[in-house]
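S.K.: Chains as they are written, first to last, in the numbering used here: chain A, 1 to 161; chain B, 1 to 665; chain C, 1 to 318.
A hint or two may mislead.
With the Cβ distance kept under 10 Å, some of the chain B side facing chain C (calculated, not the full set) [unchecked claim]:
{"hint": "1", "residue": "Leu208"}
{"hint": "2", "residue": "Ala392"}
{"hint": "3", "residue": "Met429"}
{"hint": "4", "residue": "Leu441"}
{"hint": "5", "residue": "Ala507"}
{"hint": "6", "residue": "Tyr508"}
{"hint": "7", "residue": "Gly511"}
{"hint": "8", "residue": "Ala532"}
{"hint": "9", "residue": "Leu544"}
{"hint": "10", "residue": "Gly558"}
{"hint": "11", "residue": "Val562"}
A short, non-exhaustive set of chain C residues, derived as facing chain B with CB atoms under 7 Å [as the list claims (entries may be wrong)]:
{"hint": "12", "residue": "Leu16"}
{"hint": "13", "residue": "Ala17"}
{"hint": "14", "residue": "Ala20"}
{"hint": "15", "residue": "Leu45"}
{"hint": "16", "residue": "Trp48"}
{"hint": "17", "residue": "Ser77"}
Beyond 12 Å from chain A on every Cβ pair, some chain B residues (computed) [what the hints assert, rightly or not]:
{"hint": "18", "residue": "Val548"}
{"hint": "19", "residue": "Thr590"}
{"hint": "20", "residue": "Ala620"}
{"hint": "21", "residue": "Ser644"}
The hints are simulated quantities; they were obtained by calculation from the structure and are not laboratory data.
Just so you know, even glycine gets a beta-carbon here, dropped at the ideal spot from N, CA and C.
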Amino acid sequence: MNPWNLARRIIAAGRVAETAPNRPVAEHAGAVFGGSVQVRHVDAGSCNGCEIEVGAAFNPVYDAERYGARLVASPRHADVVLVTGVVTHNMAEPLRRTVEATPRPRLVLAVGDCAHDCGVFRGAFGVRGSVADVVDVDLVVPGCPPEPAAIVEALRRVTGR
Amino acid sequence: MNVFQWAVIALVLSFFVATAAAVGAPTPRLRNILAGVAAMALGVSGTATGVAALTGDTTILLLATPLPGMTLSWHATALGGFFAAVSGVVVVICALYGIGYAHGPAASRTGWSAFAAFGLGMQLVPLAGDVVTFLIAWEVMAIGSSVLVLSDHAHRPGVRKAGLWYAVMTHLSFLLLAAGLGIAAASAGSTSFYAIATTPPTGEVAALAFVLALVGFATKAGAVPVHIWLPRAHPEAPSHVSALMSAVMVKMGIYGAMLLTTRLFPNGPSWWALLVLGLGIPSALYGILQASVASDLKRLLAYSTTENVGLILIALAIAMLTRPTRPGISAVALIAVFLLVVSHAAFKTTLFLAAGSILHGTGERDLDRMGGLAVRMPVTAIALAVGSLGAAALPATSGFVAEWSLLQSLIHADSRTDRLTTAILPFVMGVVALTAGLALLTFTKAFGIATLARPRTANAAAAHEGSRSMRLAMLLAAAGVVAVGVIPGVLVRAISPVLPEVARPTAYSAGLVLPGAQASLDPTALALLALAVTLPLVTTGWLLARRVPRQQVAMGWGCGGVRTSPRMQYTATSYAEPLVRIFDDALAPTRDVRVTHAEESRFTVRAMAYSQRVVDVVEARGYAPVVRALTRLGDRGRSLQNGSIHRYLASSFGALLLVLLGVLG
Amino acid sequence: MSDSLVAGLAIALQVLAVTAAAPIVVGVTRQIRARLEGRVGAGVLQPWRDLRKLARKEPLTAEGVILGRALPVALMSVSGLLVALLPLVTTLTLPAVPDDLFVVVSVLLLGSVFIALIGLDAGSAFGGMGSSRHMMVSALVEPTVLVAVYALSIPVGASTLSTILSARMSTPASIVSPVSALALVALLIAVIAETGRLPVDNPSTHLELTMIHEAMVLEASGRDLGWIELASWIRLTGLFGLVANLALPWGIAEQATVGTLGIGVAAIIGKVVVLAGIVAAVEVFLAKVRLFRVPELMAGSFVLGFLAVTASYLTGAS
């Protein structure tokens, strides 16, 4: 796109982010994170509905980055492992390894009904179980799919901002 | 009798002792020890001759021979003494290494005798005082090294071809030298170098002699386009011999080039310097390019030698170009030449000895099949690290100091009056910088792939360190690299008799001072500054470690996959793949992808094999057609010998006719 | 107080100031990017919060990682040495350690080599890939950096950076000359490539096949990652500071008094923040170029540097 057009659009759009809702209680922040939380996302077998909502949580409207959360490329860099989807047989071991590869202190955040209790896929042939059946889960965001605002609120409980 | 004469006698005696030990020792183990120690003594006496010559001795030794009119003469000069000293030190280290390393053919009677002859030849070449002695010593060096290159011919298929190419190219250089130096001797009326230097030829005779001799020396030095024997011969020789060849023998070519340009024909026209530059630039660029894409460790090191020879020739060309107008800068360039020679000798020895240790401990020469060697072979890994840092011209090593002085001479070589030099300087600087950048990649690849991460094959996983003599030799060579890098001033002081008056250091300094360029470098101070920066960091790290200790885990992060293996790590070929793509015009790689389909369906694949070959383009496009044409000519010529008596009588009659015409005409 | 001691203290201040400011500079780039995208952003102090948290996380080292413990600290130390050598807050140098062009470039490249080794030591395909691409870019950047600074050194006659800066301060006409413009553009392109900014490398990408720098640090965790990130930010700040000082040298301290040093610190931080802001704003309009277009970009910047050298010969000779 022509830089002038892009510049005009940037100026026209201005600030897109909505005002931040009230700060939730920071139960998991602890003394460690101090307002900086890196998130590694793992799709354990989801339909991508929750991924779209997680992506929306980091878009300019909800802007989860302003609370100190950031998506990273490796679990070694991460504090929170954000798991979406029911855990399929093929993804059980990789999910376990991803959480093992995350340095402590670490948290596992299960997003969506499938991650929480298998949702509509309970008992299906390709499903090992919910995320809690494979790794220890610290935070849950229920919903099918959960609203981006709920995801952001969960992250704010970790960052404390 | 002075030191020089005693040292020469000791040199020749050590050679005879070494040969006697090689032939007479009852077991290979005893042969290694006795011949090795005698070879070390040969190196020590060689160093002594060099040091004696450097400290002002100018003895001339004459040896009359039964042949009429042929007297061998050895003349101690500062230039020759420098190269003899460097050569002697490297011979000592390589002989020490050979005591523990030599096995099979390299430890045989022929092997050690050839090693002794090789060492003797290399020590006598810089001391030769006249053309005939020079050529004889040159040939002894060539024969000794040819025999050593062919050591493993019974075990490996490529060795015979390598030996053949090497023998042909080295005798080509002999012929060119004989022609060039012979023309110069004929014009001066005497074969002694002193006579040639005092009454040099002029005009076209000088040009012809210079060009012939320069190409001859360039062939020995391994400059592009006459380098093709280097990447074939150096890998096939036993590792301690490869080290000697790369670190010292090619320097004899450099010694010859310096003999031509500083002693025999010092006042040549500027196109001579451009010729040297024209040899240096492609050597530097092509050498490092081929090294960066090589996955055979010894081939990589051989091409790196070509690159360094290119840099030395560039420095020599700058010295020649600036000599008439700015002797100060010319002196700086000469210091750069000497530092590059010492630096390359030091780190190339270290690298080849480390490669030999890897070959001994794993049986592998291919980087793609190594990995994780730092755990099981720590001394070799340290030597490889120090050598790689030196080759990449990074701080605290000899390579850094040498490259710095080369760049200083380039930066200050421009002038308003000398348009020619000024025009080519930015280009030369770009070439040197690109070479340095590619050298970084090459040696990061060599060190990283070989020693870090996990072993890629079972051989690498079962690696073991070499014997004590091997380890000691590697560490000595590595210490040399660091010593020259940290206190270069001591070295420059030691070699000051070789330098022109203006460049000699006046005051004692550990760092390098270049008065001609008003620049100085103190690596010790730089190291202290680095230490001052590091100490607070290490303290902070230690304090943090007490609060949050480190955790050891079993697996690295590989995306959590369940079928990962060490074979999935990057290999040397993959590391260099971007470069192969960028420079594919210069490298002309051939790629082959072989796909095996499953029996059930043509659309599913069972296995794929990818292979990539990079051959020497100069050899494939330059020499191969010539060799083919010569072979065709030879085949045609064979038709003269088809057994028909009539043809033989006719050719004899024709030859007789030609001789009579020649005698009459 | 002796000259060396004064210079030493000034340089120590320079290192501390740049170390403290580096995360803020990165915070500014992220904030500007966020605001241009319509977001609010995490604030300029977020990188400092990230570092504080990383210091409290446990570092994990896999079996078979050999140099991985020492290399992050070594990388920090080399970055610190680079910043000690560059003329950022002050043009004073320790008498035995002049900030000669090749010494600075070598220290820069030593840092590149260390991070490439960190990538290889990870033992994964991504680490090797990042390492290979990074060394390729470094190899192609070096000719441009040397030729560009050489072009700037010709009118001055010396190749030490502080001498070049002092000369540019005293003759402002040399800053707007064609030589200077060409050399600075070439140097800026080279710095952008070396520090891994768009369009050469995307610092915030998650796609491993598009990574150059990020791929090498995928295995690092805890304070190891903290050291590596801080070292990269310090290199970024130092190199941007060099370009900013070459473009606008005023403010740099030529003598070491409290006043001039204070102005020097404020000046360099201000200049780097402005330059980083401009770079971040331009990055919003750019996409990462294909890896095999990067050599073309580097060749173009080398040609600019070469033209700068030619121009300096011509303007000097006439």
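S.K.: Which numbered hints does this structure break?
M.R.: Of the numbered hints, 1, 5, 6, 11, 12, 13, 14, 15, 16, 18 do not hold.
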